[in-house]
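Trainee: Sequence:
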Amino acid sequence: MKRLIVNADDFGFTRDVNAGIIHAHRGGVLTATTLMANGKAFDDAVRLARETPSLDVGCHLALVQGYSLITRRPLPAKPRDLLIALAKREIDVEAELRAQIRKIIASGLRPTHLDSHKHTHIVPLVFRAVVRLAHEFGIPYVRLPLDATVPCSQAACRLLRRYYAGLTQNYNVRLTDHFVGFRLTGHLTEETFGRAISSLGEGTTEFMCHPGFLGAELQGAATRLKESRVRELEALTSPRIRKLIEAQGITLTGYRYALTGAGSKPTY
Numbered sequence: 098m099k100r101l102i103v104n105a106d107d108f109g110f111t112r113d114v115n116a117g118i119i120h121a122h123r124g125g126v127l128t129a130t131t132l133m134a135n136g137k138a139f140d141d142a143v144r145l146a147r148e149t150p151s152l153d154v155g156c157h158l159a160l161v162q163g164y165s166l167i168t169r170r171p172l173p174a175k176p177r178d179l180l181i182a183l184a185k186r187e188i189d190v191e192a193e194l195r196a197q198i199r200k201i202i203a204s205g206l207r208p209t210h211l212d213s214h215k216h217t218h219i220v221p222l223v224f225r226a227v228v229r230l231a232h233e234f235g236i237p238y239v240r241l242p243l244d245a246t247v248p249c250s251q252a253a254c255r256l257l258r259r260y261y262a263g264l265t266q267n268y269n270v271r272l273t274d275h276f277v278g279f280r281l282t283g284h285l286t287e288e289t290f291g292r293a294i295s296s297l298g299e300g301t302t303e304f305m306c307h308p309g310f311l312g313a314e315l316q317g318a319a320t321r322l323k324e325s326r327v328r329e330l331e332a333l334t335s336p337r338i339r340k341l342i343e344a345q346g347i348t349l350t351g352y353r354y355a356l357t358g359a360g361s362k363p364t365y
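Numbering follows this note's numbering, with no gaps: position 6 of the sequence shown is 103.
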């Protein structure tokens, strides 16, 4: 059986991004999202999540961009800056991410999964911290760092997947069978989304996306993903995409329902 979790990153980034994510869930194929504890529109996102109980909400853990919840100082601007900070031991990864998870839980939400802003948990040190925290807080899923469509030698992919899978098993945390979407960031359209759906493998796949409305807040935000979020929103709400998912015999699901099987899912 093919199961598909469609997850929107950056919930809490701006209010127009939040509105786009909710629209993609209520009127499209989006089933899950991850919330930024240090996002400027965090409170708005929490309100919308409470109003939309069918939407799975996880934590979009941030070690780059925005501000630290612990020090209140800016986080490293880019992933390469984070690598330098990690090498110099200038950032306490586990403490920072623990504070972010605690803030989300304190809001009354119960996270179902963890991933990271700018995909920083692909770094082994960060991945270990994320998995330990998932175990500590009883969060069942962590995003698989390997995008199935990114070129990788068979030997390297097997080694990395063995590492990630072994660590999650040690901590009783789960990965989906496949992860797709990283390579399409900024380039997701109805056409590219359709091709990705048509090539899904057996098992459960997480598809990452970044939808949003292009309002004043997003226009003024420090991100390259602006007009592309509107194109992604159009793809996620396309009737053609819905029909393609049905024609391919794919079950739309969320993280909480993936644990118990398709029969326990709501209608998306």
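To be clear, the hints were calculated from the coordinates, so they are not data collected in a lab.
Take these hints with a grain of salt, some might be off.
Listed next, the in silico SDA-like pairs over lysine to any residue satisfying Cα-Cα at most 20 angstroms (straight line) [to be verified]:
1) Lys-99 x Lys-200
2) Lys-200 x Phe-234
3) Lys-99 x Thr-348
4) Lys-99 x Phe-234
5) Lys-215 x Ala-318
6) Lys-323 x Lys-340
7) Lys-99 x Ala-318
8) Lys-99 x Glu-343
9) Lys-175 x Thr-320
10) Lys-175 x Lys-323
11) Lys-137 x Arg-147
12) Lys-340 x Phe-310
13) Lys-215 x Glu-187
14) Lys-215 x Pro-176
Trainee: List, from low to high, the hint numbers that the structure doesn't satisfy.
Mentor: 1, 4, 6, 7, 12
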